[in-house]
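In terms of our numbering, the sequence shown opens at residue 390 and continues consecutively.
Treat the hints loosely; a few may be bogus.
[What the hints assert, rightly or not] SDA-like mimics (lysine to any residue), calculated; alpha carbons at most 25 Å apart, straight line:
no.: 1; residue 1: Lys453; residue 2: Ala421
no.: 2; residue 1: Lys475; residue 2: Ala449
no.: 3; residue 1: Lys453; residue 2: Arg434
no.: 4; residue 1: Lys485; residue 2: Val439
no.: 5; residue 1: Lys464; residue 2: Val487
no.: 6; residue 1: Lys453; residue 2: Ser416
no.: 7; residue 1: Lys475; residue 2: Gly398
no.: 8; residue 1: Lys485; residue 2: Tyr448
no.: 9; residue 1: Lys453; residue 2: Gly490
no.: 10; residue 1: Lys432; residue 2: Ser416
no.: 11; residue 1: Lys432; residue 2: Val489
To be clear, the hints were calculated from the coordinates, so they are not data collected in a lab.
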Amino acid sequence: QVQLVESGGGLVQAGGSLRLSCAASGSSDAIAAMGWYRQAPGKQRELVSVITRGGSTNYADSVKGRFTISRDNAKNTVYLQMNGLKPEDTAVYYCKAVVVGPPYAYWGQGTQVTVSS
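Just need the whole structure built from these sequences, with the hints factored in.
Set out below in structure tokens:
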């Protein structure tokens, strides 16, 4: 079992910045990758960014150059630094952790990010 606790969401003006954090507890040593997804009203949940335990990263095209994902393995925490925020970034952001042996995905409760124009 892995528990994920997200923090850092809020309301920000366009062009502003926020940093999201996701702390993992429980069987965190089994986590192979962690990432951020988001879901806007009326839309499907989509990948924002993912980072493996080894540090490999991937980003959605819509956030490349603006968002940066990082991970502190010692603290079992993943961060998403979001700069140059746009109104279309408004969504609930969810943290996801994927474990191996057998593969399974855990989700956080979500944190709201609202960007005003």
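Structure-based check of each hint:
no., hint, result
1, Lys453 <-> Ala421, "22 Å, holds"
2, Lys475 <-> Ala449, "15 Å, holds"
3, Lys453 <-> Arg434, "18 Å, holds"
4, Lys485 <-> Val439, "9 Å, holds"
5, Lys464 <-> Val487, "17 Å, holds"
6, Lys453 <-> Ser416, "31 Å, violated"
7, Lys475 <-> Gly398, "14 Å, holds"
8, Lys485 <-> Tyr448, "14 Å, holds"
9, Lys453 <-> Gly490, "31 Å, violated"
10, Lys432 <-> Ser416, "32 Å, violated"
11, Lys432 <-> Val489, "29 Å, violated"
Checked against the numbered hints listed earlier, the structure breaks hints 6, 9, 10, 11; every other hint is satisfied.
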